[in-house]
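**Student:** Residue numbers (numbering that gives the first Met the number 0), protein chains in the order written: chain C, 0 to 68; chain R, 0 to 140.
Don't read these hints as lab results, they were simulated from the structure.
Glycine included, each C-beta is placed from N, C-alpha and C at the ideal position.
Take the hints with a grain of salt, since some may be wrong.
Said to hold, decoys possible - Some, not all, of what chain R presents toward chain C, calculated at C-beta under 10 Å:
{"#": "1", "residue": "Thr-3"}
{"#": "2", "residue": "Gln-4"}
{"#": "3", "residue": "Gln-5"}
{"#": "4", "residue": "Glu-8"}
{"#": "5", "residue": "Ala-30"}
{"#": "6", "residue": "Ala-48"}
{"#": "7", "residue": "Thr-55"}
{"#": "8", "residue": "Arg-66"}
{"#": "9", "residue": "Leu-70"}
{"#": "10", "residue": "Asp-73"}
{"#": "11", "residue": "Glu-74"}
{"#": "12", "residue": "Gln-78"}
{"#": "13", "residue": "Leu-136"}
{"#": "14", "residue": "Ala-139"}
{"#": "15", "residue": "Gly-140"}
As the list claims (entries may be wrong) - In silico negatives: residues of chain C with every beta carbon more than 10 Å from chain R:
{"#": "16", "residue": "Leu-4"}
{"#": "17", "residue": "Arg-9"}
{"#": "18", "residue": "Arg-12"}
{"#": "19", "residue": "Thr-13"}
{"#": "20", "residue": "Ala-14"}
{"#": "21", "residue": "Leu-17"}
{"#": "22", "residue": "Leu-47"}
{"#": "23", "residue": "Leu-49"}
{"#": "24", "residue": "Ala-58"}
{"#": "25", "residue": "Val-59"}
{"#": "26", "residue": "Glu-60"}
{"#": "27", "residue": "Phe-63"}
{"#": "28", "residue": "Ala-64"}
{"#": "29", "residue": "Leu-65"}
{"#": "30", "residue": "Gly-67"}
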Amino acid sequence: MQARLVCHVRAARTARGLTQAELADLAGVSRKTINTVENGVFVPSTTLALLLARVLGVAVEELFALAGE
Amino acid sequence: MTETQQAGERFLRWRARLLPLTAIALIVGNAVLSGSAPRSVQDVLSVLAVVVSGFTLVMTGGLLPGRLRRLAEDESTAQHRAMALRVGYIAAVACALGQYVAALFVPLSAHQALQIVLMTAIAAPMISFGAQEAQALRDAG
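Chain C with its partners taken away, still in its complex shape (with noise of 0.2 Å):
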């Protein structure tokens, strides 16, 4: 059975009052990226969460979880 990804990366990147084009330019991606993350769309690589999680200076699993944890 695939796990569901539940995304909190629009809750983080509000919080620090960032826009999705400024998130993205930090992470040195797309907003069409961001906003597919934020709206679960697209499952990021470990690498593209690590960055987001540094860039938005929380630990990776504050940002993404498996549904029902």
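Take the given structure of chain C and dock chain R to it, following the hints.
**Tutor:** Quick look at chain R alone, frame taken from chain C:
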């Protein structure tokens, strides 16, 4: 939004719009040319130019400079590309199977059959990639 982000988005939107048009041009051009024989070198080169430019747009960030190219080739793009290539493979197989059945009822030369399968295999990923990118850009606002 920084200048690089803006330039990257402009390129992404341009590419998403251009790819389906390139695919249509390829299909129409090929259909027109397949009826006329013999073909001139110019005809073949024009089809080849469309194929190469479409393929380049699907597979690479074109001739963009470093940071901009990384932006145009980021993870969601790579995912859309992988899906587009899968769509192309499935379309080519489906097209070949369709032709196999059709050839039982309609005479079809090996050359024509090959051309149709190849065009499908090239055009389907272009359309799919362009549509996925356009959708993601629309969603991003």
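**Student:** Go through the hint on Asp-73/R and say holds or violated, using the shortest Cβ distance to chain C against 10 Å.
**Tutor:** Where the cut-off is 10 Å and the nearest Cβ of chain C is about 4 Å from Asp-73/R, the hint holds.
**Student:** Checking a non-interface call: every C-beta of chain R should be farther than 10 Å from the C-beta of Thr-13/C. Is that right?
**Tutor:** Given that every Cβ of chain R is farther than 10 Å from that of Thr-13/C, nearest at about 15 Å, it holds.
**Student:** Should the label of Ala-14/C as a non-interface residue stand, given a Cβ cut-off of 10 Å to chain R?
**Tutor:** holds (20 Å)
**Student:** When you look at the beta carbon of Ala-64/C, is every beta carbon of chain R farther off than 10 Å?
**Tutor:** Non-interface label stands for Ala-64/C: nearest chain R Cβ at 20 Å, farther than 10 Å.
**Student:** Given Thr-3/R as an interface hint, is the shortest Cβ-Cβ distance to chain C below 10 Å?
**Tutor:** Because about 7 Å separates Thr-3/R from the closest Cβ in chain C, which is inside the 10 Å limit, the hint holds.
**Student:** Report holds if the minimum CB distance from Leu-47/C to chain R is greater than 10 Å, and violated otherwise.
**Tutor:** Violated: least Cβ distance 5 Å, not greater than 10 Å.
**Student:** Just double-check Leu-49/C for me: nearest Cβ-Cβ distance to chain R has to come out over 10 Å.
**Tutor:** holds (13 Å)
**Student:** Since Ala-58/C was said not to touch the interface, does its Cβ keep a gap of more than 10 Å from each Cβ of chain R?
**Tutor:** Its Cβ never comes within 10 Å of chain R, the nearest being 21 Å, so this holds.
**Student:** For Gly-67/C, which was marked as not at the interface, is the minimum beta-carbon distance to chain R over 10 Å?
**Tutor:** Check passes; 25 Å lies beyond 10 Å.
**Student:** Would you check whether Leu-136/R satisfies its interface hint, that is, whether its CB is within less than 10 Å of any CB in chain C?
**Tutor:** Since the shortest Cβ distance to chain C is 6 Å, the answer is holds.
**Student:** Does Leu-17/C sit more than 10 Å from chain R, CB to CB?
**Tutor:** Since the minimum Cβ distance to chain R is about 12 Å, Leu-17/C lies beyond 10 Å and the statement holds.
**Student:** Can we confirm that no CB of chain R comes within 10 Å of the CB of Glu-60/C?
**Tutor:** For Glu-60/C, whose nearest Cβ neighbour in chain R is about 20 Å away, the distance exceeds 10 Å, so it holds.
Hints 5, 6, 7 and 22 from the list above are not met by this structure, while the remaining hints are.
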